Amino acid sequence: MATFFKNLIKNKVMLFMVLPGAIWFFFFSYLPLAGTVVAFKEYRFNRDGFWASITSSKWVGWDNFKFLFSTNDAYTITRNTLLYNIAFIFLGLILSVAMAILLSELVNKKMAKIYQTGMFLPYFLSWVIVGYFAFSFLSMDRGLFNQILGWFGVEPISWYSEPKYWPFILIFVSMWKSVGYNSVVYLASIMGIDKSLYEAAMIDGASKWQRIRHITIPMLSPIITIMTLLAVGRIFYADFGLFYQVPRDSGTLYSVTNVIDTYVYRGLKTTGEIGMSAAAGLYQSVVGFVLVMVSNFIVRKIDKDSALF
Amino acid sequence: MANIIRKKRDFHNVSRGWNIVLNIIAGLFAFICVFPFLFVVIISLTDEKTLATNGYQLIPAKWSLDAYRYVFESGDALLRSYGVTIVVTLVGTLISLILISLYAYAISRKSFRYRNFFNVFAIITMLFNGGMIPTYMVVSQLLGLKDTLWALILPLAMNAFYIMILRTFYSTSVPEPIIESGRIDGADDFYIFLRIVLPLSLPGLATIGLFSTLGYWNDWFNALLYIDDPNLVPLQSMLMRIENSIAFIQQNSANSSLSMTALQSIPQDTARMAMVVLATLPIIFAYPFFQRYFVQGLTVGAVKE
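Chains A and B, in that order, are what the protein sequence lines are.
Taking the numbering used here, the leading residue of the first sequence gets 1, the next gets one more, and so forth.
Taking the numbering used here, the leading residue of the second sequence gets 310, the next gets one more, and so forth.
No wet-lab data here; the hints were simulated from the structure.
Possibly wrong hints are sitting among the right ones.
[Stated by the list, open to error] Cut-off 16 Å, straight-line C-alpha distance, at most; resulting in silico cross-link-like pairs (EDC-like, lysine to aspartate or glutamate): (1) 66/A to 273/A; (2) 419/B to 489/B; (3) 12/A to 356/B; (4) 371/B to 382/B; (5) 66/A to 42/A; (6) 195/A to 105/A; (7) 358/B to 141/A; (8) 371/B to 356/B; (9) 269/A to 537/B; (10) 10/A to 497/B; (11) 58/A to 273/A; (12) 419/B to 485/B.
As the structure is a computational prediction, the values presented were derived from the model and not from experiment.
Let the sequences and hints guide you as you build the complete structure.
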């Protein structure tokens, strides 16, 4: 005990340094962790505050989960979250790596820099702004798409109430926003590849395509593996802004735009089914945790330095 | 000599035809990325009546600055939300830089006895989070931050990922001997941090600062959860509210006389697009800095301790 206090005093400056951050983690990460217990309760708001609300709510065990999984919602939101993320991971990987290789091959480096600057822009914009952008194309009576369709004599489409178009729209918007940014990550690693490898291959008579195929892509594969596995670890989390702002929270589109995150939000703010949406949130956290652990374990096997922990 | 070098370079490069094709692909994608912003700028500069008859056009029949005039004349709400966003962004970035740089420094020092404990304490938060509902309950009920600016600032102030990036940065760019020599000269840990470590890690701090600035500027989610008071609505959230109130009126347009007057009090299409442009402009201006430090930050984050 005495040595413990001695150690505390010896490390007091450092302890003071971590203290503000540790307090933040306590309130914004660890207390909410304890708060997940509401998933097992029939939540009743109590005006005496946080603890009172939790303790006075009736314990219902697994009932919230039973209700959640007896509805179609659980299936829909899980399916949407997973399928969209799988599409984002695959397409994103192919497009970003292709774009990075393409940029690295451009003869005029100044032009490459200009293109890169343009591609990077969407990453910096908020989903609200992107939602407005999408609206300028998809608006029923004023949007650019319907005008273009009009030139060919096609009837205007009510984009915001036709679910069948939305998987494509959401995937496109997601790629539009992220490919530029991700290609920069890959481009940075391409720039780091030893140039003498290419020279040696050239002397051996390798064509441009062979050099890309047998040098660039193998040299990129560690970072590709790691980025992909980290994304797989987050496959149960959807980008709330993309699924909430871009479809403008349109109810008719829920079958293809509702993901776990938007479902939880609506439970909290619109439908008031706190218990059920807390259950959905906990379901997400637990499965998400397992996936992060598994993918990190695999990353560690491949390349110890690139693992999260 | 020059000729030889030139020839060598030609060998390295793709053929002329391919180069043109690649340029077209890259240029086209870059254009697609920038085009929506340009389009919104054009819409905001269109005459309102022209817009009503022709829709959003690439080359409007009649240009007009009315939207911007309208926004600046009747734009109390816009100015106020600009103010909210600027305050939140500045205070928030400052707070998060202080919290993150201190925490990251302590866990980067091998002499800190509880280093591993606090390292794990941060990493756990990356693996498992309570999710939206418990967080909402803590912030609104326990901390009582609802309808305060703190609800926009504090939830974004820390992030274990940034701590890891900065920790790596400290351990790669601040050599241990420098810290040791400071210690031999009798400086305490805090002094060493302030006078030696911080100046050496400015690029790392700039990266984290920019990530954080961008996060605060673009945040609408916390306002969606915690802010009802119209005086505390940040910029992104205000743009969202205008959108929602229009959708609400249109959905309930059975009561048409009421909805007509309500619609008139809401900024028209061009004015809304002008607001979108005005909310985006600061980012466009800060763009060169962002781009430089983001690329740097990405490469910093890629190297781990």
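Tell me the hint numbers this structure goes against, listed in increasing order.
Hints 3 and 4 not satisfied by this model.
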